[in-house]
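Quick note, the sequences are listed as chains A and B, same order.
At the far end of the first sequence sits residue 341, using the numbering used here, and the numbering has no gaps.
At the far end of the second sequence sits residue 1242, using the numbering used here, and the numbering has no gaps.
Among these hints, one or two may not hold up.
In silico EDC-like pairs for lysine to aspartate or glutamate, Cα to Cα no more than 16 angstroms straight-line [unchecked claim]: (1) A/K150 <-> A/E192; (2) B/K1120 <-> B/D1189; (3) A/K188 <-> B/E1239; (4) A/K182 <-> A/E263; (5) A/K119 <-> A/E105; (6) B/K967 <-> B/D918; (7) B/K1055 <-> A/E329; (8) A/K182 <-> B/E1239.
I should point out that these hints are in silico values taken from the structure, not numbers from a laboratory.
Since we're looking at a predicted model, the values are computed, not measured.
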Amino acid sequence: MAGSGGGASSADAGEAEAGAAARAPAGGDTALLGPIKVSARSVSVFYGEKQALIDVSLEIPDKTVTAFIGPSGCGKSTFLRCMNRMNDTIPAAKVTGGILIDGEDVNTRAVDPVLLRARVGMVFQKPNPFPKSIYENVAYGPRIHGLTTSKSEMDGIVESSLRRAGLWDEVADRLHSPGTGLSGGQQQRLVIARAIAVQPEVILMDEPCSALDPIATARIEELIDELRVQYCIVIVTHSMAQAARVSQRTAFFHMGKLVEHGPTEDIFTNPRERRTLDYITGRFG
Amino acid sequence: MTDALDPTGQQTRQRAAAAQLKRRYARERRFKLYGQLAIGIALAFLLLLVGRIFEQGHTAFYTHALTTPVYLDPARVDRVYPSGANYLQLAADQQAERLGVADDPVAVREVRDLLSSELNFVAAAAVEADPSRIGQTLQLRAPLDDSADLYLKGEISRNTPEDQRVLSDRQLDWLDQFKANGQIEARFNTVLFTRSDSTQPELAGVLGAVIGSALMLFVTAALALPIGVGAAVYLEEFAPKNRFTDLIEVNINNLAAVPSIVYGLLGLALFINWMHLPRSSPLVGGLVLALMSLPTIIIATRSALKSVPPSIREAALAVGASRTQAVFHHVLPLAAPGVMTGAIIAMAHALGETAPLLLIGMVSFVPGVPDALTDPSSALSVLVYIWENASERAFHERTAAAIMVLLTFMIAMNAVAIILRRRFERRW
Chain A
57 MAGSGGGASS ADAGEAEAGA AARAPAGGDT ALLGPIKVSA RSVSVFYGEK
107 QALIDVSLEI PDKTVTAFIG PSGCGKSTFL RCMNRMNDTI PAAKVTGGIL
157 IDGEDVNTRA VDPVLLRARV GMVFQKPNPF PKSIYENVAY GPRIHGLTTS
207 KSEMDGIVES SLRRAGLWDE VADRLHSPGT GLSGGQQQRL VIARAIAVQP
257 EVILMDEPCS ALDPIATARI EELIDELRVQ YCIVIVTHSM AQAARVSQRT
307 AFFHMGKLVE HGPTEDIFTN PRERRTLDYI TGRFG
Chain B
815 MTDALDPTGQ QTRQRAAAAQ LKRRYARERR FKLYGQLAIG IALAFLLLLV
865 GRIFEQGHTA FYTHALTTPV YLDPARVDRV YPSGANYLQL AADQQAERLG
915 VADDPVAVRE VRDLLSSELN FVAAAAVEAD PSRIGQTLQL RAPLDDSADL
965 YLKGEISRNT PEDQRVLSDR QLDWLDQFKA NGQIEARFNT VLFTRSDSTQ
1015 PELAGVLGAV IGSALMLFVT AALALPIGVG AAVYLEEFAP KNRFTDLIEV
1065 NINNLAAVPS IVYGLLGLAL FINWMHLPRS SPLVGGLVLA LMSLPTIIIA
1115 TRSALKSVPP SIREAALAVG ASRTQAVFHH VLPLAAPGVM TGAIIAMAHA
1165 LGETAPLLLI GMVSFVPGVP DALTDPSSAL SVLVYIWENA SERAFHERTA
1215 AAIMVLLTFM IAMNAVAIIL RRRFERRW
């Protein structure tokens, strides 16, 4: 069953823009909501016999932060991982349906997941920098994708990525010390720098702040707000407060189905579905 | 059980709990004691073993040499062909004269038996270096025969009846005389490390066996390491997980437990009889040991790869690395300490293996040092076996000495394994 409240793609985008103009949405200026970047069409995921995601169709606009919320085990992380085909690494997983990025279906054999993952970056729940130097962490991606031809170019990419992740000032004097020696919040920013070094179009974040303290969390949320001007960001979060703070659009998942999606303010103040209301008022989950 | 003094039964319960606690602590103390006992027994056995070997072998590290004046009689030494002369007989005759027993041929033979045939080479070398020495009297120093050496080390005693001894009373007297004259000196036994195997114990050394073992280990490492690590990486990272690969894993684990002599049989049938590779060569020995080490290396490498957290692989894949790049750039470097430890332990095992080498022919007597992988050679572990079975008494101490050399190499290799592992360990 397609998510109720999700309609045809252009109608949805138009509705969002028109509706947003009337209400001031949380998380920033609606004029920055871009065209549709990622479009999911009837995506289902099977782990062996068990179906973890049931017929999800969703549009995700560019230059926006879209939040996925829902109780544990509802399939939001699974759906997130479909977008950069990380589910391919799980042998028993099968993903059906269309995942269109800029109109081109990436869930086919013809598309190389390695190239896809350069366009769609990912940040994980627990910061996982490589056990190499900070410089090497950021430089690895551009190097394997052949984005630079000289050392000075690479230095430039490393510096700009670290600056945009808000980490440059803290590590400029110790670029060759191990990345694992940083604090949790710094490591997560390093991972974000690593992701943006390959110049992606979409950044996926799977509960990026759940392992961090409140101050580090606040910094990451600030960073997300800065980054959304340039990238399409999708964030999975357990914290509804975070979703309300950070995102412009929200999608609510429950038991493998997409229940409702729309502008964040709408979802949190005036949801259409009963289940959504129950979830955000804390009746379950 | 309540009574007037303890209406709620709480005191009884507390006492019961206290008694139970005492029993638990007693059990803990007993368990600790068992552990210490076990370690103590193991250490005792280790000390016993090492002590016995050391006690038997330490005498092999020094040897006695005799300095005797030899008149290079021009009548018996040919200027044109100096190495053809029988210097041993010459020296024995002259020494017998000095001892006053020159007319008794048995006595002369007994004198000659005290000297090692090495004297021939020492004298020939001296004459070839300076032919003008013919006609002079030289003080030549050469090793004593192994029985004489054993007497001087205290292994042969006068208390045994003469007919049960290798040396007669006369010979023992003469040796005491030489010693009193200061003609005998004890020196470090360099022969043990600079010469190869010999039928004469005083001229026997481990050099050929050490070189043979080294060449064999080289072949083993060159084959088993790339193939083993490659197979493990493929099985762990790239192969699909289905019943076929499960079967492979079970078989590899079983192969690790197969007795090594079976690998010797395989080597005999495959490499020697079918492929006609040279028998008793480091090449065949290395091939057999490589086959034997493969399961160990594969299992250790797979275990090391499994211990790398999946978050590293995911991070690499998420940045756009291919499977191969993720494995070789990230997973394998992190697994390196475990891989290295497994490899060096496998090599140390291979160094000490004897049974498969016996089957491929290394039990034959090989007097020289192998030059090439296809030359016949011996191995250190096999040398221990050969010397243990030899009849000369003097090989007894040399066997223990060879064991000590073997153990030293193994300890050194294990120490290198530990150092390398510490060096390459990284936090993640």
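Evaluation of the provided hints:
Taken as a hint, the A/K150 and A/E192 pair is broken in the structure, with Cα atoms around 34 angstroms apart against an allowance of 16 angstroms. Taken as a hint, the B/K1120 and B/D1189 pair is broken in the structure, with Cα atoms around 42 angstroms apart against an allowance of 16 angstroms. For a cut-off of 16 angstroms, the pair hint linking A/K188 to B/E1239 stands: about 13 angstroms separates their Cα positions. Pair hint A/K182 plus A/E263 holds up; C-alpha atoms about 9 angstroms apart against a cutoff of 16 angstroms.
With a CA separation close to 37 angstroms, the supplied pair A/K119 and A/E105 exceeds the 16 angstroms bound. Annotation: proposed proximity of B/K967 to B/D918 is violated, straight-line Cα distance about 28 angstroms (limit 16 angstroms). With a C-alpha separation of about 43 angstroms, the suggested pair B/K1055 and A/E329 falls outside the 16 angstroms cut-off, and the hint is violated. Of the pairs offered as hints, the one joining A/K182 and B/E1239 is violated, with about 22 angstroms between alpha carbons and a cut-off of 16 angstroms exceeded.
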